[in-house]
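Enquirer: Below are the chains, spelled out letter by letter.
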Amino acid sequence: MTSIEAVSDEPEAWFKLDRDGRKLALGGSWTIGESARLDRELKAIKPAGGVLEIDASQVSRMDSAGAWLLLRTRRALEAAGAKISRFSLPELYQPLFENLDQERKAEPHVSRIPPGFRGRLYKIGRATMHAWRQAVSMLGYLGRVTVETGEAIVKPKHNLRIPAMFAQVEETGINALPIVGLLSFLIGVVLAYQGADQLERFGAQIFTINLLGVGILREIGGLITAIIVAGRSGSAFTAHIGTMRVNEEIDAMQTMGLNTVDTLVLPRIVGLVIALPLLTFYSDIMGLIGGAVMCYFQLNITIPVFLRQLNEAVSINTLMVGLIKAPVFAFVIALVGCYEGFQVERNAASVGQLTTRSVVESVFLVIVLDAAFSVMFSVLGI
Amino acid sequence: MAADTGREKKKEVVIKIRGLVNAFGSKVIHDHVDLDVYRGEVLGVVGGSGSGKSVLLRSIIGLIRPREGTIEVLGQSTEGEIEGAAMRRLEMHWGVLFQEGALFSSQTAAENIQVPLREYTAMSQELMDEIAEMKLTMVGLPPGTGDKYPSELSGGMKKRAGLARALALDPELLFLDEPTAGLDPISANQFDELVKRLQKALGLTVFLVTHDIDTLRAVTDRIAVLVNKKLVIGTISELRQNKDPWIQDYFSGVRGRAALASEEAH
Chain A
52 MTSIEAVSDE PEAWFKLDRD GRKLALGGSW TIGESARLDR ELKAIKPAGG
102 VLEIDASQVS RMDSAGAWLL LRTRRALEAA GAKISRFSLP ELYQPLFENL
152 DQERKAEPHV SRIPPGFRGR LYKIGRATMH AWRQAVSMLG YLGRVTVETG
202 EAIVKPKHNL RIPAMFAQVE ETGINALPIV GLLSFLIGVV LAYQGADQLE
252 RFGAQIFTIN LLGVGILREI GGLITAIIVA GRSGSAFTAH IGTMRVNEEI
302 DAMQTMGLNT VDTLVLPRIV GLVIALPLLT FYSDIMGLIG GAVMCYFQLN
352 ITIPVFLRQL NEAVSINTLM VGLIKAPVFA FVIALVGCYE GFQVERNAAS
402 VGQLTTRSVV ESVFLVIVLD AAFSVMFSVL GI
Chain B
8 MAADTGREKK KEVVIKIRGL VNAFGSKVIH DHVDLDVYRG EVLGVVGGSG
58 SGKSVLLRSI IGLIRPREGT IEVLGQSTEG EIEGAAMRRL EMHWGVLFQE
108 GALFSSQTAA ENIQVPLREY TAMSQELMDE IAEMKLTMVG LPPGTGDKYP
158 SELSGGMKKR AGLARALALD PELLFLDEPT AGLDPISANQ FDELVKRLQK
208 ALGLTVFLVT HDIDTLRAVT DRIAVLVNKK LVIGTISELR QNKDPWIQDY
258 FSGVRGRAAL ASEEAH
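Residue numbers (my numbering), protein chains in the order written: chain A, 52 to 433; chain B, 8 to 273.
Hints in this document: simulated from the structure, not taken from any laboratory. All C-beta atoms in this analysis are idealised placements derived from N, C-alpha and C, irrespective of residue type, glycine included. Treat the hints with caution; some may be incorrect.
Claimed, not checked - Derived EDC-like pairs (lysine to aspartate or glutamate); straight-line CA-CA distance at most 20 Å: (1) B:Lys207 with A:Glu396; (2) B:Lys203 with A:Glu142; (3) B:Lys165 with A:Glu396.
Claimed, not checked - Label-pair distances were calculated between CB atoms; the ranges are: (4) B:Asp154 with A:Ala127: 22 to 32 Å; (5) B:Phe111 with A:Ala186: 42 to 52 Å; (6) A:Thr197 with B:Asp256: 36 to 46 Å.
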């Protein structure tokens with residue numbers, strides 16, 4: 052760290068209280084570079100009380116930090132009972148000093164948050180109310196989006212923006228193929244490896260394929276895809292809409308009579324609802340390929356054997372159970388992403404905060420919904 | 008070459024620009040511009056939208072590298088690659104107020120002011136708090152502003168807080184980029200007075216980019232007009248004699264006349 056002290060080539064600031072404590076003389080360069088040291092040393096001054104003279108006429112340079120230290124010291128001395136009989140300062144620095152002196156007449160402010168336990172209570176209460184309001188407002192938003200989606204489907208005149216929708220399918224679906232494919236493949240590899248390792252103890256390696264088939268098709272394929280998409284596209288929705296808010300683009304759209312739900316939210320929701328099931332199916336296939344490759348190399352199970360065993364292990368229902376969840380996940384991810392985007396305030400930090408929140412919330416909701424689906428399917432006996 | 012108005016003759020030059028050329032692609036913004044800014048003066052820079060006022064400011068403070076020419080600020084050239092220590096040395100001696108204040112939005116006003124203090128000095132937290140509060144009162148912000156985040160401040164307050172941050176290290180040189188743009192006329196007047204008062208009290212040299220003819224009249228000693236990629240420099244009365252159509256229009260147009268008439272009435 053370069054410090055300002057290191058580069059100043061000015062005479063050192065000094066001050067001296069004479070022996071009987073009647074005169075404080077100071078000189079040198081009272082500038083910001085010296086202020087840290089002066090601050091410490093000035094606090095140690097013990098005035099004798101009674102009449103005191105301050106002679107600053109030898110000060111060669113003074114800036115506002117130096118003037119503030121001098122002013123503060125004078126005030127402290129006065130508060131300690133000293134009576135300043137004479138105060139001399141080079142004429143050049145008179146305006147600066149007087150400027151500061153008259154400006155600091157404001158009363159000290161009180162913080163809004165009380166200290167200690169009550170302060171903590173206040174913060175908890177504030178956070179609780181914030182969470183509550185957030186939930187209510189999100190529910191309201193869900194309602195609005197549902198109504199407008201319904202309208203767009205029932206009478207799809209001009210308000211369903213087909214090109215925008217397919218642009219979203221491309222952005223959230225097609226462009227996500229490499230990352231989803233790679234990760235699903237790797238998950239398949241890992242699952243097959245770990246499964247084989249455990250099942251080998253029973254001599255039941257062949258059931259690795261059952262584990263893979265059911266695990267990937269029912270749960271993991273859908274879940275991993277939804278989580279990747281939440282991180283990739285949910286965050287993009289929030290950041291995009293949020294930045295538009297920062298630039299007042301949203302306000303501009305509203306004044307032009309453009310419905311922001313129609314133009315920004317619906318294409319994203321519909322686009323993602325189309326893209327995510329397709330991505331999930333792709334992820335399922337890639338996961339199975341990963342598993343098959345691992346089985347071939349690790350367990351010497353050939354591809355025809357793998358397929359025969361897979362055919363016995365899973366039915367079309369297994370696949371459908373996994374895929375049916377995807378549109379719901381897609382809806383939640385897009386809804387949260389867009390909603391948080393609209394919550395952005397007009398500053399840079401807000402975009403970042405809400406993008407983070409959007410991803411956390413949508414991943415959270417996806418996992419909660421997945422659990423709810425599991426319970427529902429087991430009750431229904433699927 | 009800078010017009011010598013007589014009284015600046017012996018003054019020290021703090022910003023020296025020679026043969027500056029700035030261009031984006033094939034579009035030339037500045038064509039061999041020369042400029043001297045003297046210690047203790049307020050220099051206003053005006054020009055039409057897109058004439059390169061902000062580009063000039065940004066090349067002086069080293070944010071844009073010019074295509075040709077030399078720029079020296081306080082004896083240190085800023086047009087090339089400035090290595091760490093020299094740049095930091097300069098940054099301690101100048102303060103910059105950007106158009107929207109450019110406050111760090113994740114920090115309160117007081118914390119914003121303490122950023123340069125923390126970086127460049129060894130002050131105790133207590134003294135930094137005091138200095139921040141002092142700077143805020145110095146720019147005319149009410150007590151309690153220090154705890155507010157930039158998003159809670161109005162446009163005028165943001166600019167004042169930005170000015171307080173620019174003044175945090177007691178710079179010799181202050182760059183203001185359209186300080187009154189977006190302010191109502193009353194706030195703009197107050198801001199002009201504030202700049203003038205601080206300039207006197209702190210002995211600052213001010214480089215002021217503006218659109219606002221009232222600000223020019225109230226604050227500046229000399230004015231540099233950017234026309235046809237060149238600078239024309241002089242006082243208001245000198246510039247009114249200039250034959251250039253843009254300058255004529257600017258100082259003698261309806262708004263210009265009104266602002267100058269109010270000066271003559273004073």
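Enquirer: Could you work out which of the previously given hints the structure breaks and list their numbers from low to high?
Expert: Those not satisfied are hints 1, 5, 6.
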